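Position chain B relative to chain A; hints supplied.
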Amino acid sequence: MLFYPLFSFFDLVSFETRRWQICGALVVGLWLGLTPWLTLHWMAFLLAALLLRFNPLAVLASFLIFNATSWLLEPAFHAVGMQLLTTDALKRLWSGIYHAPVLTFLRINNSVVMGSLVVALVLTPLLYLSSTWIYTRHGARLFAWFQGSTFWLNWSRTELHRAYARSKR
Amino acid sequence: MVPPLAVALLVSAAVYAFFLDGLMKRYLENLGTRLNGAVVETKSFKTSLLSGTVEIEGIQIAHHVQPMKNLLEIEKIKISFAVAPIFQKKLIVEDMKVEGIRYGTERLYSGLMPRGLTTGDRGPGLIDRVATGFFAEIRNDLSDNPLRHLARLSTGIDLNSKMDAVRGKLQTNARLIQHRKQLKSLMEKWERQGNVLTSSSWLADKKREAQSPGPNREKLRQEVAAEIKRLQEMWAPYAKELSVFTEETSDIDTILEQDIALVQRTLGLPRTDFTDLTRLMLGPKLLNYLERLAYWIDLSRRRMPQGHRQGQVVEVAQERSRGTSIHFGKMSTYPAFLLKHGTFASTANEAEKRGEVSGFFDAITSDPPIYGKPARVEIDADFPATEVRGAKIGFDVDHTGESTHEKFTFAAEALPLRGFVLYEAPDVKVSLARGRLRVEFEASFDENRVQAKWVGKVENAGYDIVSPYKQTEQVLREILEPVYEFTVDGRVKGTFDDLDLQITSEMGKRLAEGIRREFRHPLAAVDDNLRRTLIDQVDSLRQEVFQHFRELRARVVTVIDKNMSELAAIEATLSAPPSRAVSSAPKKKK
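Protein sequences, first through last, are from chains A and B. FYI, our numbering numbers position 107 of the first sequence as 107, with every residue one higher than the one before it. FYI, our numbering numbers position 60 of the second sequence as 60, with every residue one higher than the one before it.
Hints are computed from structural coordinates only; laboratory data are not their basis. The structure displayed is predicted, hence computed values, not measured ones. Some hints could be false.
[To be verified] Interface residues of chain A toward chain B, partial, derived using beta-carbon atoms under 8 angstroms:
1) Pro36
2) Met82
3) Trp94
4) Ser95
5) Val102
6) Thr104
7) Phe105
8) Asn109
All residues carry an ideal CB built from backbone N, CA and C; glycine is no exception.
Extracted from the complex, chain A is given alone in its bound form (with noise of 0.2 angstroms):
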């Protein structure tokens, strides 16, 4: 009894497990990670993966593969926001998006936030179209694995499992 509100919340994060809602988590957790906080579109991603049927551990999987990537990243992202920055063909819209209201708070004034913004632009469809193909070719293949798997076993083998399987009958 004393697991059980620990049990429906796992229940709760992991039953969305359709394509869309795994392969978009990803996607949810690669702009959560790249994106420098507080900003309007990683405001925007964090409602979507809150509100909108991702998978949350999917979400959460992928914000910390990306976020510990940003930090290294840092510095290709300022060279590639001020060179986008310092484009002079650009500067009318940079201009108008700084003084615009509401868009200004996507911050793509600043050189981080641009060069994160092109970047999860780029990687967002890379991603997206490849963790499908993952999942529709190799998914069933790469669960039996992971339930074979010595981690697994040795997981189910434990009390806690025992009484998680137990809960569900």
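Chain B alone, transformed into the frame defined by chain A:
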């Protein structure tokens, strides 16, 4: 089930209603602490986004050097800002009133900056001392203050024990010992080679052969030439060594003077050839004030940077902790932050230590080129409780153009100087127990150049002199007590890594003169004793070395010279036409 969006809106409203003020308060205190370098805290913080007002009460700005004191305490700040620009991520403050200002109040707890909070999370600025190390040279220059070791003269100096410590560093001794060793080894080398000199019997034979004509004159000439060459080659290294020795020993007296200076420095004997000690005494303190001013100038350059104009668009780039933010300014647009106008209004209340303060500040903005107007601050202040009268501060910051210009002016009718430290060292501390300063100070900064000048008058000065050595204390008291009024003036000019500081005052001149007068004889006696001790040490060694030199010269040079002159004579005989044989038979009479 409650719609998620409704939940999100409800949570946002709750955060705004209950937590926004607290979050803003924390943020501003944090920011203020990092900028000030000491704690900045507020009692309350109330915002109203609908009416566009902010009220902050009970602000304490701690002193960055005296943590138990507040630099300033402000009762209330009222801000009114425009609401619409918030949606464009711009904060435009229409008006700001600063009321109820106190100066130098006591704190209940330390105002030191908390650990983990740094003053800057960006790279160093152009005039950041920590990065560029400016003032280092001038500070070294100011460290040679004669007051540092005055006490030593009062208590007497034990030369012998001090000399032992420094004996190993004396160059004269080392040089003479080295020469002695070289000369000894030359002598030994000569003694080993002594038997390869030209033998006298060989010389006699050649002389005889040269005098008589014969077919072997050419062969003889060659033999003599070869012998001369052999002797010359043998002599060459000795000649070189002796010449080097002569050269090196010619500057022994200069090296001795250097050793004397080294010992004087090691003993810490003060120099008394200064005519004015003001620069050495007040210079370090002035540099501290200038450094503090340079910090605020540097901060203004980072937070209110210059821009780059391209047609109708002005771009201002600011380095952030992550990346660079570029602010794009256009005609008739606001910058990201603008404080259009603010006023100081405080009425004096001696009991509450509140001062009479009036003044204004204009055009404080994050993007001066976009706004197009230089920032300006002017304050008039009197703080009767702390005896500050007639203080006027002016600060102009112009970053609207291609280069940066800042100007700072400060004037005061009366500033108390209670406990103002003039000089502090392990042996002696000189401070003003009482005094009043009237001052006018002006500084201007253009890029990395600074120019400042000041004139001050100290009145009713009383001194507090503390030293563990009563004689030093008494002497300084006698010198300084008559100096109850004096002017101080000076100027600073140059770049931050190459400053020229000039400062002079009557007090500094009287102090220099007094020290010279009082300590001239003891210093001269110590100096004389020191010289005699060093010269005595060196002389015996010097005599020994020169004795070796004379012996070597006598033995080597004399012998070589004799041989060479005999060989030269033989060569001369051979060069002349062969004469008839000299015969002992009497000439036949015709």
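Evaluation of the provided hints:
1. Taking 8 angstroms as the C-beta contact cut-off toward chain B, the hint placing A:Pro36 at the interface holds, the least distance being around 6 angstroms.
2. Checking A:Met82 against chain B: minimum C-beta separation of about 6 angstroms stays under 8 angstroms; hint holds.
3. A hinted interface residue such as A:Trp94 counts as satisfied when its beta carbon comes closer than 8 angstroms to some beta carbon of chain B; here the least separation is about 6 angstroms, so the hint holds.
4. The criterion of a C-beta within 8 angstroms of any C-beta in chain B is met by A:Ser95, whose closest approach is roughly 4 angstroms, and the hint holds.
5. Below 8 angstroms, beta-carbon pairs count as interface contacts, and A:Val102 has one with chain B at about 6 angstroms; its hint therefore holds.
6. A least Cβ separation of about 4 angstroms between A:Thr104 and chain B falls short of the 8 angstroms threshold, and the interface hint therefore holds.
7. Interface restraint check for A:Phe105: the shortest CB-CB distance to chain B comes to about 6 angstroms, inside 8 angstroms, so the restraint holds.
8. At a threshold of 8 angstroms, the smallest CB-CB gap from A:Asn109 to chain B is about 5 angstroms, leaving the interface hint in force.
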